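Residue numbering for the sequence shown follows the working numbering, beginning at -6 and increasing consecutively.
Derived by calculation from the structure, the hints in this document are not laboratory data. Computed from a predicted structure; not experimentally measured. Where a beta carbon is used, it is the ideal one built from N, C-alpha and C, also for glycine. Check before you lean on any hint, since a few could be wrong.
Taking lysine to aspartate or glutamate pairs in the EDC-like style, the calculated list, with each CA pair at most 20 Å apart, reads [unchecked claim]:
#1 K102 to D68
#2 K178 to D68
#3 K51 to D78
#4 K102 to E59
#5 K216 to E193
#6 K211 to E193
Label pairs and their computed distance ranges (CB to CB) [as the list claims (entries may be wrong)]:
#7 A203 to A159: 16 to 26 Å
#8 M(-6) to R196: 28 to 38 Å
#9 T47 to A159: 44 to 54 Å
#10 E132 to T158: 14 to 24 Å
#11 R196 to T47: 22 to 32 Å
#12 R196 to N6: 47 to 57 Å
#13 R43 to G118: 35 to 45 Å
#14 G135 to A35: 26 to 36 Å
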Amino acid sequence: MSLSTVLLGRLTNDFEAGRDDARAPAMEAYMRDRFPFLGLSATARRSAARAALTGLPKPTEAELAEIVRGCWARDEREYQQFACDYLVAHRTVPGAGFLDVAEELITTKSWWDTVDPLATRFVGGLVRRHPALVTRMDEWSGSGELWLIRTAILHQLHYGASTDTARLFDYCTRQAAHQDFFVRKAIGWALRHYARTDPEAVRAYLASHAAALSPLSKREASKHL
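Could you put together the complete structure from these sequences and hints?
This is the structure we're talking about:
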């Protein structure tokens, strides 16, 4: 039996055992009723996942893709959330070509709870290990797909002093007039986080782009300046 079959079978059994139908409606409402939930808290979900993973080997790149796609095919949101955790835990397994899988996940069943960990904890690391992928980030930053834009803006979130400052600022400027909340919030979040590394650069950027940036982006970016 394949690793994917074993893991998804175990995960289904353990998740179903913890199903809480009384809790699920509030979780669904919090996500604006975009996805059905089993009603598992984050703690319960991760505990069930640890049990399901016990004794299983590290996945190959092909197995990793099969497992996360299998989770994305399930209805309940906890499976996609598990897939994000699983990808982050095995983020050094895949090569550059796995960015296509990540794009598939980012643009399918999209919402902040999956896109943000994929952007900041998985895609960012993949690009860092395979610098040629930065050209894909350039493409995503100008995409018509808001979740790819958000990912491009956020992928350097944990780079610290290794941040390509010019690229970060360019992405923010490119989408400064975007009307969507999640893009505007991403700009502010990325700038605020980078301000921990270089507050003067962020202050200078905000001053020179004050007219272009939305009030939300400016407010978020300057919170700790």
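Against the 20 Å threshold, does the CA-CA distance of K51 and D78 hold or violate the hint? holds (14 Å)
Is K211 within 20 Å of E193, Cα to Cα? Holds - the C-alpha atoms of E193 and K211 are around 15 Å apart, at most 20 Å.
Falls inside 14 to 24 Å, the C-beta gap from E132 to T158? holds (20 Å)
Looking only at beta-carbon atoms, does the pair R196, T47 fall within the given range of 22 to 32 Å? Distance hint for R196, T47 is violated at roughly 49 Å.
Between K178 and D68, is the straight-line Cα distance small enough, at 20 Å or below? Since the Cα atoms of K178 and D68 sit roughly 28 Å apart, the hinted pair is violated (cutoff 20 Å).
Verdict for R196, N6 (Cβ pair) under range 47 to 57 Å: holds (53 Å)
For K216 and E193, compute the direct alpha-carbon distance and say whether it is at most 20 Å. holds (14 Å)
Taking the beta carbons of G135 and A35, is their distance inside 26 to 36 Å? holds (34 Å)
For the range 35 to 45 Å, tell me whether the beta carbons of R43 and G118 fit it or not. Violated, at about 22 Å.
Given pair status - E59, K102, alpha carbons within 20 Å: holds (17 Å)
C-beta pair A203, A159: status relative to the range 16 to 26 Å that was hinted: holds (19 Å)
Given the hint that K102 pairs with D68, does the C-alpha gap stay at or below 20 Å? Between K102 and D68 the Cα gap is close to 10 Å, so the pair holds against 20 Å.
Against the hints set out earlier in the document, violations occur for numbers 2, 8, 11, 13.
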